[in-house]
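Chains as they are written, first to last, in our numbering: chain S, 8 to 299; chain X, 8 to 299; chain E, 8 to 299; chain C, 8 to 299.
You may find that some hints are simply not true.
Intra- or inter-copy, both count: the list cannot distinguish identical chains.
[As the list claims (entries may be wrong)] Restricting the straight-line Cα-Cα distance to at most 20 Å, the calculated cross-link-like pairs of lysine to any residue (SDA-like) are:
1) K162 with A207
2) K28 with E65
3) K240 with L87
4) K162 with A204
5) K299 with G281
6) K240 with D157
7) K299 with L87
8) K162 with T215
9) K240 with E280
10) K240 with G16
11) K240 with G202
12) K223 with G238
13) K162 with E210
14) K223 with N139
15) K28 with G16
16) K299 with V258
17) K115 with E235
18) K240 with V258
19) K162 with K223
20) K115 with Q148
21) K240 with A257
22) K162 with G85
23) K28 with P154
24) K115 with A105
25) K28 with G136
26) K115 with A89
27) K162 with A206
28) K246 with A105
29) K223 with P42
30) K299 with E235
Since the hints were made in silico from the structure, they are not lab data.
Protein chains: 4
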Amino acid sequence: MQVGFLGLGTMGLPMAANLVKAGYRVRAWNRSQEPVARVAALGAEPAAAPAEAAEGAEVLIAMLADDEASRDVLLTQGVLEALARGAVLVNMATVSVAFTRDLAAEHKARGLFYVAAPVLGRVNVAEAGQLNILAAGDATQLDRVQPLFDVLGQKTWRFGDRPEQAAAVKLAANFMIASAIETMAEAATLASGHGVAKAAFLEMLTSTIFAAPPYKGYGAAIAEERFEPAGFKLSLGLKDVRLALAAADAVNVPLPFAGVLRDNHLDALAHGEGHLDWAALSRVAERRAAQK
Amino acid sequence: MQVGFLGLGTMGLPMAANLVKAGYRVRAWNRSQEPVARVAALGAEPAAAPAEAAEGAEVLIAMLADDEASRDVLLTQGVLEALARGAVLVNMATVSVAFTRDLAAEHKARGLFYVAAPVLGRVNVAEAGQLNILAAGDATQLDRVQPLFDVLGQKTWRFGDRPEQAAAVKLAANFMIASAIETMAEAATLASGHGVAKAAFLEMLTSTIFAAPPYKGYGAAIAEERFEPAGFKLSLGLKDVRLALAAADAVNVPLPFAGVLRDNHLDALAHGEGHLDWAALSRVAERRAAQK
Amino acid sequence: MQVGFLGLGTMGLPMAANLVKAGYRVRAWNRSQEPVARVAALGAEPAAAPAEAAEGAEVLIAMLADDEASRDVLLTQGVLEALARGAVLVNMATVSVAFTRDLAAEHKARGLFYVAAPVLGRVNVAEAGQLNILAAGDATQLDRVQPLFDVLGQKTWRFGDRPEQAAAVKLAANFMIASAIETMAEAATLASGHGVAKAAFLEMLTSTIFAAPPYKGYGAAIAEERFEPAGFKLSLGLKDVRLALAAADAVNVPLPFAGVLRDNHLDALAHGEGHLDWAALSRVAERRAAQK
Amino acid sequence: MQVGFLGLGTMGLPMAANLVKAGYRVRAWNRSQEPVARVAALGAEPAAAPAEAAEGAEVLIAMLADDEASRDVLLTQGVLEALARGAVLVNMATVSVAFTRDLAAEHKARGLFYVAAPVLGRVNVAEAGQLNILAAGDATQLDRVQPLFDVLGQKTWRFGDRPEQAAAVKLAANFMIASAIETMAEAATLASGHGVAKAAFLEMLTSTIFAAPPYKGYGAAIAEERFEPAGFKLSLGLKDVRLALAAADAVNVPLPFAGVLRDNHLDALAHGEGHLDWAALSRVAERRAAQK
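With these hints in hand, go ahead and build the complete structure from the sequences.
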């Protein structure tokens, strides 16, 4: 099975590498050349342009930054034209529900298949092939690409036959991460207002009833005020909150926590903190309480 | 060491029982008689009135329902008068910061000591002696009662020398639990709006990045719409949200998530859902999106 | 008809003066002596203590700062004991619904009548006898004191036979004023973010579709950043927002705008702005957008 | 001066009619023919297509429903191509800041001028030529079209030389109207919770300190529960709230009241109330408090 791979960022690179290591014939493209050289060194075939990665591929995996990059790469550079009729595009990036719907329709019109399969897990999880894969699309197509998912992840969760269902699940999950950060920020500021050290407070909670990865990871960063280098930028967090709000808006779902999140992210951006790690959302709560 | 124990509710009963089993001489009181008989059967001495439990006790533990019950039992029935000078009252209930401060002052004025030590953990955790104990107060007094804490809990976390610090930590923790429930409610409603089953969505998240007790427990209840019998009533959840807001108000800390929580709990109460389990907060999100 | 008057603050003084000028026999008390001397100069009888103002009065008007001052003056200094059976206390201050209910019950138990009649209007309106009076209580008693209301106000609005109904109306009205200020703050910050001068924006709106007193008054203060001296302190505004939230809580009414208001007032207090005019709430919106 | 006019809806029709009556040569187009016939009967020249209205016009006024309609009519039907170099397009519709910016750039690139001039006022105000016109754009162009504004409105307010400034002001104004409705809804629900009739409460406030058009108009509709026929549909109100949020997002301005508004509008839409008058937003507050 020939696999095309578009987007060798921090997540895409280890994912493509794992496919190569598992024996798949992978033709990979990336905007910048350095990551292409790295997977090529492992045995992947370098592609000079997105369409070149698509040509002859039975499965084309896309792991691009966002809606804009995905639209640019997938729709304006001859990718769909290069795919053979019957090929399947597996979009593993976090993109909007609306764009997912458009893209799925576009594929259908061209006799192509489209599967959405965003992932849960950071770089180290991707490297270990232990991602959780959130998939939606035609069941036959999901079966077809399952062997690839088995290489990339520890488990594939299927959420329906419409690709936007997986997009919605991923955005809802990221909204939950943002909420966890904000919750810790508010709670720690409350504790701090009564003279309890943020670090002691957060260490206790993230070692006991909230010993889950988003709490442990972001909680430690908040406790240590360690916001650089950013694992995931606050400005990207805002982008995901906006997408969750848009996805909710489309189906008339109020999302009051997301409204608070949106405002607090904007507060952070207004104060020049968009480049910091998502954990820096905690600065907003502190600033509002004049604890900084 | 003679230990008095006031309040043998679902949490107090196993805690008192554990102290008896550990060999402490415990004199216990409860408003209703049945739980008193149960600890007496294990070897505790029954007390007919709160003051009787206090008499001669070196340490008096209180585990009463709330501010009102605590105020009634501790301040209007001769308890402090019955305690010997130098005795220490250990309040393990969840009560307000303001009441904690008042109570601590009252003890000091009478030559008594006051330690706040609310706990994290449900009944089964209390039974196993595996509570997390959130303590604050004079360090010497904390050392003095540490052997008791070692029987009741797996770990004692100290947050300062002012009892209200532990009260604030406990309220901040409960606020975090309420936030986790609301977050799941909103996220699941968003997913559901896109045709993803709430149960599938929540099972995935609470098995992966949010595999922490509050998410797993309340998430399963939301997924199964299992709100009776209530493990912890929604109306009690509102009480704790109010206390967190009051604690934040006292130190000028905005708490926007708690504001949302307050409104949604009131929405639930207005719809006659206060007696349901805290997980029923999810009904508010569903109702607002007309998914019910 | 002999009238007692308790509380000669900025509002109480001109109100009492108007009653004297209208020919009523007024016996007035105030915590500080200077205002007492001023109404005495107009013909009022000075009272050395609250109970002295109450003695022999058919109607006792109270215009005290808040719940605390009202409780202190009315319930701990022999006032109710001094009133003759059948006398009516008319409370024109802004106090909580819960306190109003308690006070009404206390009066009833003593064979006294209690009417709540808070007012809309600032000092100049009080001086002109043009207040809007928001009254609730037994209809016969309202009829009895109506001649006094006719001196003090341009119109009396009756809201029911339970005094707390007038208290709730007054708190709801003050909540609406706070919302108007916050709305202007947010809208002006939005306009300002696009390079439109706040003053130009607010002048336009408060001269056109929002040409109502709270908008014109607070809008001008926001436009000119004129926050001292405070006409009505931001910290008192927070007190009223808290009372509105408590009144809503008591009847299970979510109040999301009030939740936002509460947080923004706390943000202001945390930044040392509680002593400024209520219009300074606008600083919070500006600060969050880093426009300051 | 030849004037083109695009969009003869409830607002556009009386505006175009007033220009005809004032002696201007107006060539008018509308999607449906009936309104065209009506202005033609007054002396306007009917245009069969948007580009026909643009041809030869020195000033082209657009009063189209929203971004989408404006984009469709102005950018896909040869309008800009039909305008003579140096002509000015005056967009009086409520559209987004982003679209305004794009449109202004598009005009500049073609040697055309673009002025944004949305209005405040309902149909009867438009008929009377008493609109408030919120204008922004190049000062020379504003001077050039001022005579037309003098026919249409009682006053023109200038907010800067960038058209998006007027768009931002208009969106901020509509946000303030939405906030006024929500405020009344919450306050009336609070009063109602204490047994005060909504109508009595709102009548008092909108006759006294809130006697401004949005309060009086929407307040009366809330009091009488008169939501059909819709003067301005709730679903269009949501559209404007979304545009205000987007305008704020673009310049990093948190807008917490707008977040609440967004959720409550979605709640209304979820319950099938989008076609009702904007005042029906009050139903959300009532429903949440189970007063319906």
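Each hint, compared with the structure:
{"no.": "1", "hint": "K162 with A207", "in the structure": "between (35 Å within a copy, 14 Å between copies)"}
{"no.": "2", "hint": "K28 with E65", "in the structure": "within (18 Å within a copy, 68 Å between copies)"}
{"no.": "3", "hint": "K240 with L87", "in the structure": "neither (31 Å within a copy, 42 Å between copies)"}
{"no.": "4", "hint": "K162 with A204", "in the structure": "between (39 Å within a copy, 18 Å between copies)"}
{"no.": "5", "hint": "K299 with G281", "in the structure": "both (18 Å within a copy, 19 Å between copies)"}
{"no.": "6", "hint": "K240 with D157", "in the structure": "neither (29 Å within a copy, 42 Å between copies)"}
{"no.": "7", "hint": "K299 with L87", "in the structure": "neither (51 Å within a copy, 41 Å between copies)"}
{"no.": "8", "hint": "K162 with T215", "in the structure": "between (26 Å within a copy, 10 Å between copies)"}
{"no.": "9", "hint": "K240 with E280", "in the structure": "within (9 Å within a copy, 33 Å between copies)"}
{"no.": "10", "hint": "K240 with G16", "in the structure": "within (14 Å within a copy, 46 Å between copies)"}
{"no.": "11", "hint": "K240 with G202", "in the structure": "neither (30 Å within a copy, 28 Å between copies)"}
{"no.": "12", "hint": "K223 with G238", "in the structure": "within (14 Å within a copy, 27 Å between copies)"}
{"no.": "13", "hint": "K162 with E210", "in the structure": "between (30 Å within a copy, 13 Å between copies)"}
{"no.": "14", "hint": "K223 with N139", "in the structure": "both (18 Å within a copy, 17 Å between copies)"}
{"no.": "15", "hint": "K28 with G16", "in the structure": "within (18 Å within a copy, 59 Å between copies)"}
{"no.": "16", "hint": "K299 with V258", "in the structure": "between (39 Å within a copy, 14 Å between copies)"}
{"no.": "17", "hint": "K115 with E235", "in the structure": "neither (43 Å within a copy, 42 Å between copies)"}
{"no.": "18", "hint": "K240 with V258", "in the structure": "between (28 Å within a copy, 19 Å between copies)"}
{"no.": "19", "hint": "K162 with K223", "in the structure": "between (22 Å within a copy, 18 Å between copies)"}
{"no.": "20", "hint": "K115 with Q148", "in the structure": "within (13 Å within a copy, 49 Å between copies)"}
{"no.": "21", "hint": "K240 with A257", "in the structure": "between (26 Å within a copy, 18 Å between copies)"}
{"no.": "22", "hint": "K162 with G85", "in the structure": "neither (33 Å within a copy, 54 Å between copies)"}
{"no.": "23", "hint": "K28 with P154", "in the structure": "within (14 Å within a copy, 56 Å between copies)"}
{"no.": "24", "hint": "K115 with A105", "in the structure": "within (16 Å within a copy, 32 Å between copies)"}
{"no.": "25", "hint": "K28 with G136", "in the structure": "within (11 Å within a copy, 49 Å between copies)"}
{"no.": "26", "hint": "K115 with A89", "in the structure": "within (15 Å within a copy, 38 Å between copies)"}
{"no.": "27", "hint": "K162 with A206", "in the structure": "between (34 Å within a copy, 17 Å between copies)"}
{"no.": "28", "hint": "K246 with A105", "in the structure": "both (14 Å within a copy, 17 Å between copies)"}
{"no.": "29", "hint": "K223 with P42", "in the structure": "neither (30 Å within a copy, 39 Å between copies)"}
{"no.": "30", "hint": "K299 with E235", "in the structure": "within (18 Å within a copy, 26 Å between copies)"}
Checked against the numbered hints given earlier, the structure breaks hints 3, 6, 7, 11, 17, 22, 29 and satisfies all the rest.
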